[in-house]
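Protein chains: 2
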Amino acid sequence: MKDFTYYAPTEVAFGKSSEEEVARLVKKYDGHKVLVHYGGGSAVRSGLLDKICSLLEEGGLRTVLLGGVVPNPRLSKVHEGIALCRKEGVDFILSVGGGSVIDSAKAIACGVCYEGEVWDFYIGKADAQAYLPMGCVLTIPAAGSEMSDSSVITNEDGDLKIGYSNNLSRQKFAIMNPERTYTLPPYQTAAGVTDIMMHTMERYFSHDDDMSLTDAVAEAVLRTMKDCIFTVLKDPRDYRARAQIMWGGSLAHNDLTGCGTTGDWATHQLEHELSALFDATHGAGLAAVWPSWARYVYRENVGRFVRFAVNVMGVTNDYTDPEGTALKGIEAMERFYHSIGMPVNIPELIGRDITDAEIDEMVRKCSLDGTRAQGQFKVLTARDMQCIYRNAARR
Amino acid sequence: MKDFTYYAPTEVAFGKSSEEEVARLVKKYDGHKVLVHYGGGSAVRSGLLDKICSLLEEGGLRTVLLGGVVPNPRLSKVHEGIALCRKEGVDFILSVGGGSVIDSAKAIACGVCYEGEVWDFYIGKADAQAYLPMGCVLTIPAAGSEMSDSSVITNEDGDLKIGYSNNLSRQKFAIMNPERTYTLPPYQTAAGVTDIMMHTMERYFSHDDDMSLTDAVAEAVLRTMKDCIFTVLKDPRDYRARAQIMWGGSLAHNDLTGCGTTGDWATHQLEHELSALFDATHGAGLAAVWPSWARYVYRENVGRFVRFAVNVMGVTNDYTDPEGTALKGIEAMERFYHSIGMPVNIPELIGRDITDAEIDEMVRKCSLDGTRAQGQFKVLTARDMQCIYRNAARR
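Residue numbers (my numbering), protein chains in the order written: chain A, 1 to 395; chain B, 1001 to 1395.
Calculated from the structure, these hints are not laboratory results.
Heads up, the beta-carbon is just placed ideally off N, CA and C, and yes, glycines get one too.
Certain hints may be false.
Computed Cβ-Cβ distance ranges for the label pairs, DEER-style [to be verified]:
(1) B/Ala1130 <-> A/Asp208: 37 to 43 Å
(2) B/Lys1051 <-> A/Ala83: 47 to 53 Å
(3) A/Asp120 <-> B/Cys1113: 39 to 45 Å
(4) A/Val302 <-> B/Thr1262: 41 to 47 Å
(5) A/Gly59 <-> B/Pro1185: 50 to 56 Å
(6) A/His207 <-> B/Glu1020: 23 to 29 Å
(7) A/Arg86 <-> B/Thr1231: 56 to 62 Å
(8) B/Pro1185 <-> A/Thr320: 42 to 48 Å
(9) B/Asn1317 <-> A/Val44: 48 to 54 Å
(10) A/Arg383 <-> B/Lys1016: 33 to 39 Å
(11) B/Arg1024 <-> A/Ser17: 50 to 56 Å
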């Protein structure tokens, strides 16, 4: 078992009345002039943005707005945010949206406090020492950025999509009202649940398989997400199921499900190249890659995949055939993905076959020209990445 | 489903090497002159106290020692600590021990920052506005005080044992090395696990029974504790099982297992009178009261007790007889308590029959002379408390 640290200081206000807390919470964490950061679309149309701005102003806070964050958030928007914060003397960033908005806010928050180029943090040239304080009003359960220490930014120069983790980037508070997720379309909802489950699965598939409490909690999260997605696809306004998914998104990525294990994260890394190249929805990209990853690596620890098959996917354990049971778990996951409208390979994700040249480009970037391995459950070389992408390229 | 807040900011350093972090962590949270607070006995004998003091001093920190905290920690010791902190200019309190030591530290930490009498907070006359920062080196997994917002202090004048909750009392950090629990005697280990499980059960038995993720996590904690206690009773030096219990103690009481539910806490309140009157071990007292509480209240929500019986205790669900299944769950819990050396009634706890006068005194104090009800699953009047104590008085 690995020694671990666990640090999840974000104050969560969860429920139908949680938005009413926004001004009190910003003031509690020393905000006076607030950058309200958002994407566009639904936060505006639903009236949420107006409501939040009104609540802040009624609470005596000044606001500056910056919208237009897109999925796979762009470095150019981060630069715009940094300049705006400096010009306006912003001392708090409030995100209204999902993971892309919060990730963009994290990059702005450290960029404001740094004299150099913020991209330095993402390419490992520097480590951020300070952040503006941040909070969020979450509208999309998926990325888990509301309680995590990480953010992922896409640099349009070269389509580079890179993550960066720093404990200082944790949100001071997260406001979560499940009603705000009622209008999420089925595809986004399913992709979100896929991302949530994958955050837990990346931690679960570990050779440190002796932390039984962490495993039991992880399985509880996975089974609950698996149940609830069918309920919300049937009835998008089911508060109870929406609430489990929203809270599950936070628990899946606030490190709770990884205490004592070594995360793998290869599927995430392989997917980053897909969404950078094709601007695919992250959760759907994960579903398109995972089955190929799983079949490529399961022999590294068959027992782990058996446990997943039995405890998460409900496969009957054939004690005479562990490998067969493990494979049935992967097949069950594919059926689950299809049943919620997710792809299980790259052609299903992008709507056409992928070319060898595109695979080679993804391998090149994912391996940093062959200099970087990925994963822990099985350490993947550039050659392994190519095999997994090729397997995922088959219909 | 209830709206909820979740706030568990304590930085946890967990594992064999965690103690080495102590000086760094105290300095991170602005400590310079540290009150090292402990009980006696094992922390001294094991050399842990010496090690921690050496690490602090090597880290350039000054230390003041205050030992002698007893189980069911006393207000007189709290007063002694407040006076010492003021005299010495202490700016950080580090507890080395279990829940009693940490609870005592919490009372000292708010007492130092308050001009009035610290007991005011416990009797509801005032609310603490400031605490000295605190951290802990945990040696007994049980009370969960290392991540909770609460503390329980016994005022020797009148044997009053009262709890007080305040978010400001959360530890800045908690250092947890499971090896430090190897020497805990079997009775203390079992009582600790009983306390841990009860912290989750107090939250689990709720009429807000629609938060399925919280329920699934709670059941994961309960089942894991139930498995691991047998392993450590057989082999006290089993690191893996000790680690699950230690981490389980924190997760059971950092509010994770209560997100969206209304806690009951009647068993804890009924037990407080037992340990105040007989100085009983808290966990053992809980085991002595719970079966009588459960049989008295289960009809309020039979389905909840069925779920507990099936998902936690492994009882086969007899769908034709929910009440029978619920009762089998309570019986299974009694067998579990006996199998780990815990009592299931008051005579087994105190080694003799309890008198009617003693019961009347406990009812009087638990109900504040008939003016205070207890519990949520079933709201208990003084008359209900008397019935439960009387049922628990039978061998």
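Given a hinted range of 50 to 56 Å, is it respected by the beta-carbon distance of B/Arg1024 and A/Ser17? Once the Cβ atoms are compared, 40 Å apart, the range 50 to 56 Å for A/Ser17 and B/Arg1024 is violated.
Please check whether B/Pro1185 and A/Thr320 have a Cβ separation lying inside 42 to 48 Å. holds (44 Å)
Does the hinted range 41 to 47 Å hold for A/Val302 and B/Thr1262 at CB? holds (44 Å)
Hint says 47 to 53 Å; check whether the CB-CB distance for B/Lys1051 and A/Ala83 agrees. At 51 Å between Cβs, range holds.
A range of 56 to 62 Å was offered for this pair. Does it hold for the Cβ distance of A/Arg86 and B/Thr1231? The hint (56 to 62 Å, Cβ to Cβ) holds, given that A/Arg86 and B/Thr1231 are roughly 57 Å apart.
With respect to the beta-carbon atoms only, verify the hint that A/His207 and B/Glu1020 lie 23 to 29 Å apart. The hinted range 23 to 29 Å holds for A/His207 and B/Glu1020, with Cβ atoms some 25 Å apart.
Cβ-Cβ distance between A/Asp120 and B/Cys1113: within 39 to 45 Å? Because 42 Å falls inside the window, the suggested range holds.
With 48 to 54 Å as the target window, see if B/Asn1317 and A/Val44 comply at their CB atoms. The hint (48 to 54 Å, Cβ to Cβ) holds, given that B/Asn1317 and A/Val44 are roughly 49 Å apart.
Taking 33 to 39 Å as the hint, is the beta-carbon distance of A/Arg383 and B/Lys1016 inside that range? With a Cβ separation near 37 Å, A/Arg383 and B/Lys1016 satisfy 33 to 39 Å, so the hint holds.
Go ahead and decide if the range 50 to 56 Å is satisfied by the Cβ distance of A/Gly59 to B/Pro1185. With a Cβ separation near 54 Å, A/Gly59 and B/Pro1185 satisfy 50 to 56 Å, so the hint holds.
Between the beta carbons of B/Ala1130 and A/Asp208, is the distance compatible with 37 to 43 Å? holds (41 Å)
In the structure shown, a violation is registered for the earlier hint numbered 11 alone.
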